[in-house]
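S.K.: Spelled out from the first residue to the last, the chains are:
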Amino acid sequence: MLAYVIQRVAQSALVLLVVGLVAFSMFRFVGDPIDNMLGQERTQADIERLRVVLGLDQPFVVQYYKFLEGAVQGNFGVSYRQGRPVSDILIERAPATLELAAVSGFLAISIGIGLGVFTAIRRNGIGANVIMSASLIGVSLPTFLIGILLIYLFSVELGWLPSFGRGETVDIGAWSTGFLTASGLKALILPSITLGLYQMTLIMRLVRSEMLEVLRQDYIRFARARGLRERAVNFRHALKNTLVPVITVTGLQLGSIIAFAIITETVFQWPGVGLLFINAIQFVDIPVMAAYLMLISVMFVGINLIVDLLYFAIDPRLRVDRTGGH
Amino acid sequence: MKMRSLIATAVLLSSTSLVSAETLKWARAGDSLTLDPHAQNEGPTSTLAHQIMEPLVMRDHSGALVPALATEWAPSTDNPNVWTFTLREGVTYHDGSAFNAEDVVFSLNRAMTPDSDYKELLASVKEVRAVGDYTIEIETDGPNPIMPNNLTNMFIMDKGWAEANGAVKVQDYEGGEDTFAAKNANGTGPYKLVSREPDVKTVLEAYDGYWGADEFPLAYTTIEYTPIQNAATRVAALLSGEVDFIQDVPVQDLERVASTDGLDVRTAPQNRVIFFGLNAGDADLANDNVEGKNPLADVRVRRAMSMAINRDAIKQIVMRGQSQPAGMIAPPFVNGWDETMDASSKTDIEGAKALMEEAGYGDGFSIQLDCPNDRYINDEAICQASVGMLAQIGITVNLDAKPKAQHFPLLSNLETDFYMLGWGVPTYDSEYIFNFLVHGRTDKYGSWNATRFTNDGLNEKIVSLAGNTDLEARNADIASIWEAVQEEAIYIPLHHQVLNWGMKSSVGTVVEAEDSPKIKYFEIN
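From first to last, the protein sequence lines stand for chains A and B.
Okay, so the first sequence: first residue is 1 according to my numbering, each after it adds one.
Okay, so the second sequence: first residue is 327 according to my numbering, each after it adds one.
Keep in mind that the hints were calculated from the coordinates and are not lab data.
Idealized CB from N, CA, C, for every residue including glycine.
Misleading hints may appear alongside valid ones.
Label-pair distances were calculated between CB atoms; the ranges are [said to hold, decoys possible]: (1) B:Ala669 with A:Val170: 56 to 62 Å; (2) A:Lys66 with B:Asn851: 55 to 61 Å; (3) B:Pro393 with A:Phe106: 56 to 62 Å; (4) B:Val392 with A:Glu168: 52 to 58 Å; (5) A:Arg122 with B:Asn851: 54 to 60 Å; (6) A:Leu153 with B:Ile472: 37 to 43 Å; (7) A:Glu168 with B:Pro406: 55 to 61 Å; (8) A:Leu68 with B:Arg646: 47 to 53 Å; (9) B:Arg646 with A:Glu168: 49 to 55 Å; (10) B:Ala639 with A:Phe106: 49 to 55 Å; (11) B:Pro393 with A:Ala45: 32 to 38 Å.
Construct all of the structure, not just a fragment, from the sequences and the given hints.
M.R.: What follows is the structure, given as structure tokens:
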């Protein structure tokens, strides 16, 4: 077990280094930050001076090395756009994204599994068919369109929910939360639906098909024959056995909820790290882009690791294999 | 006791109702980048700063130069290189400390340090000195007849406050430390900073001790400024009443906003002209199909290209009526702008074809057009329309549209032969245009001139403008430089951009040509 963990962690570190290298080799194609940083009145001499100050005259490998040198000491540099330390900005922005992702993830998992089970058990019912057809919308419509449609319906036409921002937030230490105010909770509704809809339909369809598969198995038939109640059969025996693939997919999808928050955050002007990243790309704010990409890859690698470890907990067969029982 | 609490309650009630009634919720695409007044010379940054801080002289919403922290200014009678500014007395900063000449000397010197984004506007300044508590002198290297025009965004900070808070130096990228002045401000302006979360929300409140309290409407007591990047969301926020005023209505939504009850769209020509630049100087072009020659070096080809562009069609179809066709690359407010010149561009396909024939390019040629896609209103669509128009005279244009961060480096690195550029003139004087766009590229001049065009006689004339105090002779020189620019046709003027501000009908303001609203002028209808 320990050897397995160490091996996985080493692999993860290697992946991170490679991601960083690729990212730095790409930054030059995003554009040149100098023009954004200097005013319209800049001279050619100003341009040269700033390029040297920022180290942009160096090859990207050198820039990457300098970034790593700072990063291991917890220093991600200074944002070109805001002139403030990147780590401060990220800490400021992280709560908005994490809260949004948590609510979206919760909605996606709870509603997704619930509807999945429902559509599997009543697979010929009218309700199940309506839900299945409607779920096609969630899979096929792009996120920004769903966001704009929701804003149009609930903000412009009905005037029920805010179209942008986080509402009032309360600071608890360094964490600003929108969970404690009415306007903060209202502001969460549309963005979290927009962000979670795709994952919700994905989980629902996955649970349904796995469940249908499992319900055909012999042990379910035997369970029914034993006279177990329908509820115990469906939830204790069937659902539990569908969960292994569901956890894999859900884990990876949680990562993408945070990573793809970029689009939702842009549509709803949600002040999280995704919006920060979009601004960074437009401005060619290299320190922010680098820090964000590294954090996202740390997160994906970490989630993968956790998912792998969860297999151990859920599927006893893996445990037996690994300890070499046979 | 009871009476007193009653009065207190009444006062409280009336004041809260006042506050809630007079809040302006204001949104635009971008946020201010920093509150440090000298760190970024950029639209949204100086617009927000204008509510909190003040320069010596500023422009009101009609574009006129009006007194702010200086009440009078004039060139000194005994030395033509010196401008004397008389400062306003009795002005206080938001923390209560008094404003005087020391602060002006400190602030202008701060704006001239290498990390300042405003240093180029003060490049001719030799010394700024106080000659009394409320008088300062600015001495320049030679006479500078338009010195005050350069000061309209040059904000004044409190010296004592800057020293006490470690903000003497302009915020830079090297130190990695947060400058106090980047997130805090202590100005003399009509509004003081209450709270600020970058990219989220900035709240300002009317400053009780403002010197101009009786002079300006100051109808709004609170300002809530929110950047909303996504255009559709910004419009939705206006339509749903969550914001009162948005500065940038996308042209496709103008009708939707204007036709909504209680909302207005107000438009005015912007201080920004859009044009194409042509590489007229190189012997051969990298991005065309003509070997060993540069077709754009022939002035007949350049004129033919200009004649092929149908500016009215661009206005009607691409800009939905929201542009003003241009014949010269100066916005109409600028000293040196000429009505006949600006109306001089005519579409004439036959004439253009004849010119091409005459120049030996009757069969046309192909060339690459570099265009930004996120900088000007409908920039990429304008370029696409132009591709079709130039095809009519045999020029095959390959359009390469890119984000601004990739487009503008092509100009500074001289890697483009045919490009789009837009230009605003903060000094309202043609010299600014000539310095950056007409003078040949050197270390000091022509940093935005990617046409490779340079003409020694013209360059000399441009440089001499700076020191010419005889305004009539100077204007004559400006006119003759414009003649030459029009003659050479190194730029193809397209149009003047039009600003569209969307707001609740109750918001009383006219559109400011530099897209920099000063809320103190706003009234409530």
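S.K.: State for each hint whether it applies.
M.R.: Here's how the hints hold up against the structure:
no., hint, result
1, B:Ala669 with A:Val170: 56 to 62 Å, "59 Å, holds"
2, A:Lys66 with B:Asn851: 55 to 61 Å, "56 Å, holds"
3, B:Pro393 with A:Phe106: 56 to 62 Å, "59 Å, holds"
4, B:Val392 with A:Glu168: 52 to 58 Å, "38 Å, violated"
5, A:Arg122 with B:Asn851: 54 to 60 Å, "59 Å, holds"
6, A:Leu153 with B:Ile472: 37 to 43 Å, "54 Å, violated"
7, A:Glu168 with B:Pro406: 55 to 61 Å, "58 Å, holds"
8, A:Leu68 with B:Arg646: 47 to 53 Å, "50 Å, holds"
9, B:Arg646 with A:Glu168: 49 to 55 Å, "38 Å, violated"
10, B:Ala639 with A:Phe106: 49 to 55 Å, "53 Å, holds"
11, B:Pro393 with A:Ala45: 32 to 38 Å, "35 Å, holds"
Figure legend: structure checked against the earlier numbered hints; hints not met, in rising order: 4, 6 and 9.
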